[in-house]
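> What follows is each chain in one-letter form.
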Amino acid sequence: MVQKRKIAYINLTTKKLSQKAMPKKIRTMYIGGRGIDMYMLYNHLKPKIDPLSPQNVLLVGAGLLGGIPCLGSGRCDIAAKSPLTGAVGDSNIGGFFAPELRFTGFDHLAITGKAEKPVYLLVKNDEIEIKEASHLWGKDTFETQTIIRKDQDDENIKSLVIGVAGENLVKFANILTGMKNSAGRTGMGCVMGSKNLKAIAARGTTPLEFAHPDRLLEYCRQMNDMITSTRWSKAQSRWGTMIIYSNTNTTGLIRTRNFQLNRLEEGQDLEPENIDRYSIGTSGCYGCAVHCRHRYVLREGPHAPLYGEGPEYTSLGAFGTMIDCRKMETILVANHLVNKYGVDTLETGGLIAWAMELYEKGILNDKMTDGLKLEWGNEEALYEMITNIAHRKGFGNTLADGFKKAIAKIGNGSEYYAIQVKGMSNLHSDERPTPSFALGIATSTRGADHLRSRPAIDMYGLPEDLLEEVYGGPVASEYNSYYGKPRMVWWQERLYAVTDSIGLCKFQTVFCSVHAPQWKEFSKLIQLATGVEISETQLMEIGERIYTIERLFNLREGFSRKDDNLPERYFKEPTPIGLPVAKNKKIDREKFSKMLDEYYKLHGWGNDGIPTAGTLKKLGLDKEPSNLI
Amino acid sequence: MNARVKIQLFAMFKEIAGKKEILHDIQSETTLGEVLEKLAKTYGKDFEEVVDKKTGQIDINALVMVNGQNVRDTNLKLRDNDLIIITAPVGGG
Chain A
1 MVQKRKIAYI
11 NLTTKKLSQK
21 AMPKKIRTMY
31 IGGRGIDMYM
41 LYNHLKPKID
51 PLSPQNVLLV
61 GAGLLGGIPC
71 LGSGRCDIAA
81 KSPLTGAVGD
91 SNIGGFFAPE
101 LRFTGFDHLA
111 ITGKAEKPVY
121 LLVKNDEIEI
131 KEASHLWGKD
141 TFETQTIIRK
151 DQDDENIKSL
161 VIGVAGENLV
171 KFANILTGMK
181 NSAGRTGMGC
191 VMGSKNLKAI
201 AARGTTPLEF
211 AHPDRLLEYC
221 RQMNDMITST
231 RWSKAQSRWG
241 TMIIYSNTNT
251 TGLIRTRNFQ
261 LNRLEEGQDL
271 EPENIDRYSI
281 GTSGCYGCAV
291 HCRHRYVLRE
301 GPHAPLYGEG
311 PEYTSLGAFG
321 TMIDCRKMET
331 ILVANHLVNK
341 YGVDTLETGG
351 LIAWAMELYE
361 KGILNDKMTD
371 GLKLEWGNEE
381 ALYEMITNIA
391 HRKGFGNTLA
401 DGFKKAIAKI
411 GNGSEYYAIQ
421 VKGMSNLHSD
431 ERPTPSFALG
441 IATSTRGADH
451 LRSRPAIDMY
461 GLPEDLLEEV
471 YGGPVASEYN
481 SYYGKPRMVW
491 WQERLYAVTD
501 SIGLCKFQTV
511 FCSVHAPQWK
521 EFSKLIQLAT
531 GVEISETQLM
541 EIGERIYTIE
551 RLFNLREGFS
561 RKDDNLPERY
571 FKEPTPIGLP
581 VAKNKKIDRE
591 KFSKMLDEYY
601 KLHGWGNDGI
611 PTAGTLKKLG
621 LDKEPSNLI
Chain B
630 MNARVKIQLF
640 AMFKEIAGKK
650 EILHDIQSET
660 TLGEVLEKLA
670 KTYGKDFEEV
680 VDKKTGQIDI
690 NALVMVNGQN
700 VRDTNLKLRD
710 NDLIIITAPV
720 GGG
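Protein chains in written order, with this note's numbering: chain A, 1 to 629; chain B, 630 to 722.
Errors might be hidden in some of the hints.
[To be verified] Listed next, with one range per pair, are the computed distances between beta-carbon atoms:
hint, chain 1, residue 1, chain 2, residue 2, range
1, B, 645, A, 478, 45 to 51 Å
2, A, 405, B, 696, 42 to 48 Å
3, B, 710, A, 586, 24 to 30 Å
4, A, 279, B, 683, 33 to 39 Å
5, A, 612, B, 645, 53 to 59 Å
6, A, 533, B, 681, 34 to 40 Å
7, B, 710, A, 360, 30 to 36 Å
8, A, 55, B, 645, 41 to 47 Å
9, A, 405, B, 652, 50 to 56 Å
10, B, 631, A, 277, 37 to 43 Å
11, A, 276, B, 710, 29 to 35 Å
12, B, 658, A, 225, 38 to 44 Å
The hints are simulated quantities; they were obtained by calculation from the structure and are not laboratory data. Predicted model, so just to flag it, every value in this text is computed and none were measured. Every residue gets a Cβ at the ideal spot worked out from N, C-alpha and C, and that includes glycine.
Turn these sequences into a full structure, and let the hints steer you where they fit.
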């Protein structure tokens with residue numbers, strides 16, 4: 001299996017297609033999915049290219065374990081140089097596409113160039129066609145998938161598509177499959193749009209080969225039994241990630257009115273149970289026994305009829321707390337709109353919340369917003385802004401370029417109010433009471449983000465002896481503490497890098513529980529699926545290698561220690577409300593700097609954040625770029 | 630006048646109890662464990678499992694917070710107006 005998988009190269013300018021077997025060395029050094037995408041990103045791109053130029057490469061990588069029947073094995077990694085940040089662009093998408101791609105015989109696609117007219121790729125059992133897509137241009141994400149299935153007369157085709165936001169080169173346009181699964185972050189849909197690539201459709205019937213199929217099946221059953229027996233998975237099955245809201249909002253860990261408050265008062269309608277008014281059941285991704293997202297219908301009201309999937313906990317923040325909208329229905333409408341147009345939920349909500357604070361402070365006025373009253377809780381303004389961003393209309397055109405350009409354009413002190421790192425919006429969590437989370441968003445290679453490193457179990461107050469056993473060194477149990485937290489972030493970074501490379505769902509790893517699958521289980525799954533022995537220690541080293549090559553990419557693009565930082569407000573403004581554990585908290589600048597030093601040291605990087613020569617040699621990165629694929 | 634704590638229930642605990650909030654009178658030496666024991670007698674299995682029978686501490690498959698801080702020690706003495714949250718441990722973001 002390791003040797004037989006293939007990578008396809010597609011140049012949309014020359015229409016040249018070629019393929020190559022995946023070298024075993026690349027597999028054993030980078031595994032698959034995100035790992036191989038990151039190797040190729042570093043190897044294929046010349047420094048400082050324009051992310052929207054034909055030189056940028058769009059990488060689509062299925063995980064090594066894509067298609068096994070457990071742990072949400074439908075994950076697919078999509079990468080390019082980010083048009084939003086100029087740093088690593090990378091986003092991991094669930095659903096059913098990655099297994100379908102694997103059924104065609106391909107694990108990875110590397111797409112360069114730019115088509116003269118709109119096209120889509122059709123990958124079908126060992127064959128790839130560039131198909132004309134003028135009839136799809138202008139269609140929303142849902143329509144596009146339906147039309148491709150009809151065109152091909154095949155209901156089983158799975159597609160990655162962009163909406164009008166990707167066509168309009170919105171810098172944080174996403175890529176969507178199904179009703180909601182999105183490669184949301186870093187603007188991968190914008191890169192697709194820049195290539196005139198509307199969709200990538202896959203349909204395969206080639207069986208996957210496994211080294212030990214019977215034992216693999218039995219072990220997958222054990223994994224599913226283990227996951228579904230836990231209280232956390234039962235809660236996620238019932239309410240999805242929204243379940244987190246009740247606790248964090250009560251405590252005061254959610255940014256509200258952009259960053260002015262840390263709890264939404266009178267926010268009861270956003271409690272997860274209220275999804276029951278609209279839910280028609282739950283659904284899941286390929287190989288998932290949890291099924292964490294609701295399918296919902298709005299049957300009444302000005303936006304009815306409306307069908308959607310989700311929302312996530314992050315949607316409650318992006319379209320609820322951050323803009324002070326207090327109705328579940330608002331979240332459902334906004335969630336539908338961003339999915340339909342194909343824009344990132346978190347970036348969209350983050351930018352609109354920022355604009356609302358600027359409007360409140362008089363930095364923006366009616367003339368600048370085309371008369372749109374960007375007042376807190378104005379849900380109609382929210383819907384209009386989402387639509388205008390996707391279509392680059394009026395003031396939406398300013399926000400469509402993301403924080404970096406919008407700050408430069410608006411000026412007048414607006415930067416201070418932007419809750420972003422490296423040009424990417426943070427989600428709605430308020431990390432001032434949680435130093436581990438704060439360090440994670442500062443150091444993430446793709447900008448402010450929780451899915452690169454968040455040690456969510458830091459919130460559980462676990463016994464310190466248990467934490468030391470997991471993390472391999474002392475870690476304080478209290479989430480307010482700074483002690484040992486760099487170690488947590490470092491460990492989770494490596495675990496998530498490997499999780500994204502084998503193609504499993506992070507929420508079924510040590511994200512939700514200290515007893516969820518991690519290195520040991522990954523090692524066994526890889527051995528049963530491929531026959532290749534990769535020890536737990538080797539997996540940790542692979543995670544380190546992947547994170548370090550991402551670091552090398554960012555350094556080459558001009559990023560440095562100064563960019564591993566937090567918005568100034570984290571250091572200056574204490575949290576105004578919440579329970580005692582969350583109130584009056586801000587990040588201590590000196591302690592933060594010491595955390596950063598320790599974090600670099602754990603990685604084997606210097607105090608300047610540059611990997612040492614010894615680290616590069618140890619990881620086999622001293623001769624990159626090696627251009628093996 | 631007796632002291633009183635507020636208990637907020639989330640996730641399956643809220644569904645089982647059929648309410649989000651319980652006000653509970655306590656004495657000067659009342660511990661968290663004693664309050665949880667009363668809840669277990671009233672609401673049954675899921676509440677019983679909040680405390681690990683082997684260790685007597687909060688089970689790691691439950692999340693119990695007092696005034697926003699996670700606690701494991703059931704011997705913790707409660708004070709007037711304490712807020713106790715009981716929920717499933719589902720991670721942060």
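> Taking the hints in turn, state whether each one holds.
Hints, one by one, checked against the model:
1. For the pair residue 645 of chain B and residue 478 of chain A, the supplied restraint of 45 to 51 Å is violated, since their beta-carbon distance comes to about 29 Å.
2. The given range of 42 to 48 Å is respected by residue 405 of chain A and residue 696 of chain B, whose C-beta atoms sit roughly 43 Å from each other.
3. The hinted range of 24 to 30 Å is satisfied by residue 710 of chain B and residue 586 of chain A, whose Cβ atoms lie roughly 25 Å apart.
4. As the Cβ distance of residue 279 of chain A to residue 683 of chain B is approximately 38 Å, the hint placing it in 33 to 39 Å holds.
5. Take residue 612 of chain A and residue 645 of chain B: their Cβ atoms lie about 54 Å apart, and the range 53 to 59 Å holds.
6. Evaluation of the 34 to 40 Å hint for residue 533 of chain A and residue 681 of chain B yields a pass: the beta carbon distance comes to about 36 Å.
7. In this structure, residue 710 of chain B and residue 360 of chain A meet the distance hint of 30 to 36 Å, their C-beta atoms being roughly 34 Å apart.
8. The hinted range of 41 to 47 Å is not satisfied by residue 55 of chain A and residue 645 of chain B, whose Cβ atoms lie roughly 58 Å apart.
9. Against the hinted window of 50 to 56 Å, the Cβ-Cβ separation of residue 405 of chain A and residue 652 of chain B comes to about 52 Å, which satisfies the hint.
10. Checked against the hint of 37 to 43 Å, the pair residue 631 of chain B and residue 277 of chain A passes, with Cβ atoms roughly 38 Å apart.
11. Residue 276 of chain A and residue 710 of chain B have their C-beta atoms about 32 Å apart, which keeps the hinted 29 to 35 Å range intact.
12. For residue 658 of chain B and residue 225 of chain A, the Cβ-Cβ distance of about 43 Å falls inside the hinted range of 38 to 44 Å, so the restraint holds.
Hints 1, 8 from the list above are not met by this structure, while the remaining hints are.
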